[in-house]
Each structure stands twice: as C-alpha cells, then as structure tokens.
Amino acid sequence: MKRIIAVDDDALILQVYVRMLGAEGYAVQTATDPEKGLQLIKAQPPDLVILDVEMPGMTGLTLFEEFKRTLREIPVLFATGYPDSFNKATPQSVAIWQRDFADGSVDIIYKPFESDRLLGKVLGLIGAAQEE
Amino acid sequence: MLSPIERARIYRQTRSVLVAHWIDLGCLDVRVGEIFLTLSGQLKHLGHQEPLTGMGIEEMLSELRRVPGVHRVNLDVENWKSVGEGIWQEVEVKDDKQKYLASLAGLPLEPRKPAPGKTP
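First to last, the sequence lines map onto chains H and L.
With our numbering applied, the first sequence closes on residue 132, and no number is skipped along the way.
With our numbering applied, the second sequence closes on residue 120, and no number is skipped along the way.
These are calculated hints, taken from the structure and not from any lab test.
As the structure is a prediction and not an experimental result, all values here were calculated from the model.
Yeah, the Cβ is synthetic: ideal placement off N, Cα and C, and Gly gets one too.
Where hints are given, some of them may not hold.
Result set (DMTMM-like, lysine to aspartate or glutamate): computed pairs, CA atoms no more than 25 Å apart in a straight line [as the list claims (entries may be wrong)]:
#1 H:K88 with L:E92
#2 H:K111 with L:E92
#3 H:K68 with H:D47
#4 H:K88 with H:E131
#5 H:K36 with H:E131
#6 H:K2 with L:E6
#7 H:K36 with H:D10
#8 L:K81 with H:D116
#9 H:K36 with H:E132
#10 H:K2 with L:E34
#11 H:K2 with L:E50
#12 H:K88 with L:E78
#13 H:K68 with H:D84
#14 H:K88 with H:D47
#15 H:K88 with H:D9
#16 H:K111 with L:E6
#17 H:K111 with L:E78
#18 L:K81 with L:E34
#19 H:K68 with H:E35
#20 H:K111 with L:E34
#21 H:K42 with H:E114
#22 H:K88 with L:E90
#23 H:K111 with H:E132
#24 L:K81 with H:E54
#25 H:K42 with H:D84
#26 H:K88 with L:E50
#27 H:K88 with L:D29
If you want the footprint, here are the derived chain L segments under chain H, 3+ residues with CB under 8 Å [stated by the list, open to error]:
#28 5–14
#29 28–41
#30 72–79
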C-alpha cells in the first residue's frame, strides 16, 4: 500500500485527504504543523508528500527545500488556495519551478478542488495505491 | 497495454514538457490512455509569463507528441478551442474560484429553468 504524508495547517482539508485518498486505498498520515510534518517525512519517507504552500511558521516551499536536499526522489503535490504562490515570480518559486518541477516529479493543485482532480494528480504522480 | 511504469514515465515526461512551457499545472488535468494523452481543465501560462498563444500551444503539442509512447494528444480544455488545423482560439471561462464562490452563495451558474407549468 502506498503511503502519503499531507501537511496543511487546515485540519479540515487534511480530513478531506484522509477520506478521499483513504477510500482509494492509500495510507494517509497528516500533520498540521510543518515542523512535525518534516519529522514524519524524514523518519519514514512516503511515496508522496502533499504540501500546503502557505503555512504559519514554515512555508510549504521552505519545507519542500528542507527535505528535497536529502530525499530528492519523493514526488510532491503542492496544494494551495493562493494561485499566486507560483504565478508571482519570487526567486524561491522560480528556482523550485526550474529545478524541481522540470523533472516531472512535482505538481500543483488549487484549493478548493474536486475529488477527480485530486485523484488524477495523485495517480499521475505515484500510480494506484496497490501498484508496485 | 501500458504498464504502470510506462504510464508513470509518460506522465512524468508530459509534466516536464508542460513545465518547460511555463504551463500552470494547478488548473490542468493530464490523463494517459492507451492511445490518447488528454489534457483537460484550463491551459494557461503562469502569471509572470506572457499570455499563452495559439502558436505556443502548437509548439507544446508538437513536443508532447514526441514523448515516447504518446500516439495522439487530445487537447480538451475549457479556455481554448480548435478553429482549424493547428489554429487555436482562446475562449473566456469563469475561473474555479468564481465557480466556487458562486456555489457557496447559492448562485446559479446556469440560468434556472422555470418550474413545470410556470412561464418564465
């Protein structure tokens, strides 16, 4: 079974991930605190990380850069309610786009989303829950 | 039949092409089928880039067709329509946020049909 770690300061959206992706057979762990999320990811690297972009304390982009240094291969789905996260060019967002998105292992979804879009993005990044 | 590994490679290479063309992945869905690679949702550049053009779309489609394993590309997006061989025209659409806010407010996205027996 494939494992997903979702990090978002909104507990409600984390419940949505657990329900939607759990129903498809994925095992979903969650964290509302970015620091705790980072610990979870490093302790047992999952098949996919879903990251909110705007979080208090540590942004999703910074959390991403933290674990990507050592865990380069983990696919990531950024989930954001603020499309400007990547639509406005900052040195950090452009660097991540050109370095990490370019290899095809990173995707974005805008909140609110429909379940089909979420499942399609997850399938595209890591395949079905039971696939090898 | 495509193996999961082959399918994953096509997804990955497709995203790479889209990223190289600065396509906003957040509003685009990609599906890899046996015959078709289908793009749906909305196709647009990231906000800090020049707006996407029909010629830019054709260049991107041409690169997608060169991804090994992709036989045909089906561009079925809300905001562009084909008006001839290799010619694309932009179509105005409500963005997802507008649709969502309208649904929260209970506003109809489509004109309501009159109830049976009543004239509008």
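Here is how each hint holds up against the structure:
1. Simply put, K88 (chain H) and E92 (chain L) have alpha-carbon atoms about 22 Å apart, close enough for the 25 Å limit, and the pair holds.
2. Of the supplied pair hints, the one linking K111 (chain H) and E92 (chain L) holds, its CA atoms being roughly 21 Å apart against a limit of 25 Å.
3. Simply put, K68 (chain H) and D47 (chain H) have alpha-carbon atoms about 13 Å apart, close enough for the 25 Å limit, and the pair holds.
4. The suggested pairing of K88 (chain H) with E131 (chain H) is violated, with an alpha-carbon distance near 37 Å, which exceeds 25 Å.
5. Of the supplied pair hints, the one linking K36 (chain H) and E131 (chain H) is violated, its CA atoms being roughly 28 Å apart against a limit of 25 Å.
6. Taken as a hint, the K2 (chain H) and E6 (chain L) pair is honoured in the structure, with Cα atoms around 18 Å apart against an allowance of 25 Å.
7. With a CA separation close to 14 Å, the supplied pair K36 (chain H) and D10 (chain H) stays within the 25 Å bound.
8. Distance check on the hinted pair: K81 (chain L) and D116 (chain H) sit about 23 Å apart at the alpha-carbon level, within 25 Å; holds.
9. For the given pair, K36 (chain H) sits about 28 Å from E132 (chain H) by alpha-carbon distance, which is inconsistent with the 25 Å threshold.
10. Taking the CA atoms of K2 (chain H) and E34 (chain L), the gap is near 24 Å; set against the 25 Å cutoff, the hint holds.
11. A threshold of 25 Å between alpha carbons decides the hint, and for K2 (chain H) with E50 (chain L) the separation of about 39 Å lies outside it, so the pair is violated.
12. Between K88 (chain H) and E78 (chain L) the alpha-carbon distance is near 23 Å, which keeps this suggested pair within the 25 Å criterion.
13. Straight-line distance between C-alpha atoms of K68 (chain H) and D84 (chain H) comes to about 22 Å, which keeps the hinted pair within the 25 Å bound.
14. For the hint linking K88 (chain H) to D47 (chain H), the alpha-carbon distance of about 29 Å lies beyond 25 Å, and the restraint is violated.
15. With a CA separation close to 22 Å, the supplied pair K88 (chain H) and D9 (chain H) stays within the 25 Å bound.
16. Note on K111 (chain H) and E6 (chain L): the hinted pairing is violated, with a Cα-Cα distance of about 30 Å set against a maximum of 25 Å.
17. The straight-line distance between the Cα atoms of K111 (chain H) and E78 (chain L) is roughly 18 Å, inside the 25 Å bound, and the hint therefore holds.
18. With a C-alpha separation of about 24 Å, the suggested pair K81 (chain L) and E34 (chain L) falls inside the 25 Å cut-off, and the hint holds.
19. For the proposed pair K68 (chain H) and E35 (chain H), the alpha carbon gap of about 15 Å is at most 25 Å, so the pair holds.
20. Distance hint between K111 (chain H) and E34 (chain L) is unfulfilled; the C-alpha atoms sit about 30 Å from each other, more than 25 Å.
21. Taking the CA atoms of K42 (chain H) and E114 (chain H), the gap is near 30 Å; set against the 25 Å cutoff, the hint is violated.
22. A distance of roughly 22 Å separates the Cα atoms of K88 (chain H) and E90 (chain L); the hinted pair therefore holds under the 25 Å criterion.
23. Restraint check: the Cα-Cα separation between K111 (chain H) and E132 (chain H) comes to about 29 Å, which exceeds 25 Å; the hinted pair is violated.
24. Proposed proximity of K81 (chain L) and E54 (chain H) is contradicted: the alpha carbons are some 34 Å apart, above 25 Å.
25. Simply put, K42 (chain H) and D84 (chain H) have alpha-carbon atoms about 28 Å apart, too far for the 25 Å limit, and the pair is violated.
26. Restraint check for K88 (chain H) and E50 (chain L): the C-alpha separation of about 12 Å stays at or below 25 Å, so the hint holds.
27. For the suggested pair K88 (chain H) and D29 (chain L), the alpha carbons sit about 21 Å apart, so the restraint of at most 25 Å is met.
28. Proximity of the stretch 5–14 of chain L to chain H, defined as three or more residues with a beta carbon under 8 Å from a beta carbon of that chain, is established by the 6 residues found.
29. Under a criterion of three residues with beta carbons nearer than 8 Å to beta carbons of chain H, the stated coverage of the stretch 28–41 of chain L is upheld, 5 such residues being counted.
30. Coverage of a stretch by a chain is defined here by at least three residues with a beta carbon nearer than 8 Å to that chain's beta carbons; for the stretch 72–79 of chain L and chain H the count is 0, and the condition is violated.
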